[in-house]
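J.: Sequence:
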Amino acid sequence: MGKAVAVKRSYNTGLRKAQAQLTKDRILDAAAKLFVDKGYSSVTVEDIARVAGVAHQTIYASFGTKLAIAQGIIWSSFRTEGIDQLMAQARESGDVEVHVRIGVRMARLLNERFAQIVRFMRESGDPALLAEYHKIEGLRFEQIQAQLTPVLKSTDRLRPNVSRKQVLGSAWAMTGTDLYNQLVSGRGWTPSRYEQWLSDALVTMLLKPSGIRGSA
Numbered sequence: 001m002g003k004a005v006a007v008k009r010s011y012n013t014g015l016r017k018a019q020a021q022l023t024k025d026r027i028l029d030a031a032a033k034l035f036v037d038k039g040y041s042s043v044t045v046e047d048i049a050r051v052a053g054v055a056h057q058t059i060y061a062s063f064g065t066k067l068a069i070a071q072g073i074i075w076s077s078f079r080t081e082g083i084d085q086l087m088a089q090a091r092e093s094g095d096v097e098v099h100v101r102i103g104v105r106m107a108r109l110l111n112e113r114f115a116q117i118v119r120f121m122r123e124s125g126d127p128a129l130l131a132e133y134h135k136i137e138g139l140r141f142e143q144i145q146a147q148l149t150p151v152l153k154s155t156d157r158l159r160p161n162v163s164r165k166q167v168l169g170s171a172w173a174m175t176g177t178d179l180y181n182q183l184v185s186g187r188g189w190t191p192s193r194y195e196q197w198l199s200d201a202l203v204t205m206l207l208k209p210s211g212i213r214g215s216a
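Quick note: the sequence shown uses the numbering used here, first residue 1, plus one each step.
Source of the hints: derived by calculation from the structure; they are not laboratory data. Keep in mind that the hints are not guaranteed to be accurate.
Derived DSS-like pairs (lysine-lysine); straight-line CA-CA distance at most 30 Å [stated by the list, open to error]: (1) K165 <-> K153; (2) K17 <-> K66; (3) K17 <-> K33; (4) K24 <-> K66; (5) K135 <-> K165; (6) K135 <-> K24; (7) K135 <-> K33; (8) K24 <-> K38; (9) K33 <-> K66; (10) K66 <-> K38; (11) K153 <-> K208; (12) K135 <-> K66.
Across the chosen pairs, the derived CB separations fall in these ranges [unchecked claim]: (13) I83 <-> E46: 31 to 37 Å; (14) E46 <-> P191: 29 to 35 Å; (15) P191 <-> A55: 20 to 26 Å; (16) Q166 <-> V51: 41 to 47 Å; (17) D200 <-> E137: 22 to 28 Å; (18) S210 <-> D29: 41 to 47 Å; (19) T204 <-> R113: 24 to 30 Å.
All figures in this text were calculated on a predicted structure; none of them were measured in a lab. Every residue, glycine too, gets a C-beta built ideally from N, C-alpha and C.
With these hints in hand, go ahead and build the complete structure from the sequences.
T.: Structure (structure tokens):
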């Protein structure tokens, strides 16, 4: 009897957690749309509650503040499906060109979710959100550095006068949200065209053709 009660309680607890997460996700989706469409400072918690279809008390209970909602949107954007598998694929290849091209693929996937959110962060004027933006940019560089440094140490495909430091800086700068927004939002490129162009551009700019070998 005691075991049955324990199982039931565990089931109910798990169900409540799943329902709470679904509610949080609905709030984050509604807030992200409002922030992008109207601007961070113009949106109220009541606006978010109305679009999400929940009571505003639910939002306060789930997040506490509008800033916490914005931070939740920002970090949830990094939970993009397939990123871990792509990173593993790059590591297994041991090929610097594969690393670069997969890095651009990951940038595309993240930017598809994240680029417009970065815009509302930067346009908000909120010091806490701007600090969060700079934190993310620092984290993005650390991830690129961790991914590329091992393969850069062993490759002989870097172009003459291109250093490892330049590769890391170029990859960080060109895979950021600014260039994505300029080409996709500003010029009407498709994300796939952005990915193909940027992959080819970085490979051409940083690496010697695959048939040419020499000292790194």
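J.: Could you run down the list of hints and mark each one as holding or not?
T.: Evaluation of the provided hints:
1. Between K165 and K153 the alpha-carbon distance is near 11 Å, which keeps this suggested pair within the 30 Å criterion.
2. Restraint check for K17 and K66: the C-alpha separation of about 22 Å stays at or below 30 Å, so the hint holds.
3. This hinted pair checks out: K17 and K33 have alpha carbons roughly 24 Å apart, not beyond 30 Å.
4. For the given pair, K24 sits about 13 Å from K66 by alpha-carbon distance, which is consistent with the 30 Å threshold.
5. Distance hint between K135 and K165 is fulfilled; the C-alpha atoms sit about 20 Å from each other, no more than 30 Å.
6. About 23 Å separates the Cα atoms of K135 and K24, which keeps this hinted pair within 30 Å; it holds.
7. Distance check on the hinted pair: K135 and K33 sit about 23 Å apart at the alpha-carbon level, within 30 Å; holds.
8. Our distance criterion of 30 Å between C-alpha atoms is met by K24 and K38, whose separation comes to about 21 Å.
9. For the suggested pair K33 and K66, the alpha carbons sit about 14 Å apart, so the restraint of at most 30 Å is met.
10. For the given pair, K66 sits about 14 Å from K38 by alpha-carbon distance, which is consistent with the 30 Å threshold.
11. Between the alpha carbons of K153 and K208 the distance comes to roughly 15 Å, so the proposed pair stays at or under 30 Å and holds.
12. Only pairs whose Cα atoms come within 30 Å are accepted, and K135 paired with K66 is accepted, the gap being roughly 19 Å.
13. Distance hint check: the CB atoms of I83 and E46 are about 35 Å apart, consistent with the given range 31 to 37 Å.
14. Between E46 and P191 the beta carbons are some 34 Å apart, a value that agrees with the proposed interval 29 to 35 Å.
15. Here the CB-CB span from P191 to A55 is close to 37 Å, at odds with the stated 20 to 26 Å.
16. Between Q166 and V51 the beta carbon distance is about 45 Å. The supplied range of 41 to 47 Å therefore holds.
17. Taking 22 to 28 Å as the suggested C-beta distance range, the pair D200 and E137 conforms, at roughly 25 Å.
18. Judged by the Cβ atoms, the range 41 to 47 Å given for S210 and D29 holds: they are separated by roughly 43 Å.
19. Distance hint check for T204 and R113: the Cβ-Cβ separation is about 28 Å, which falls inside the suggested range of 24 to 30 Å.
Checked against the numbered hints above, the structure breaks only hint 15 and satisfies the rest.
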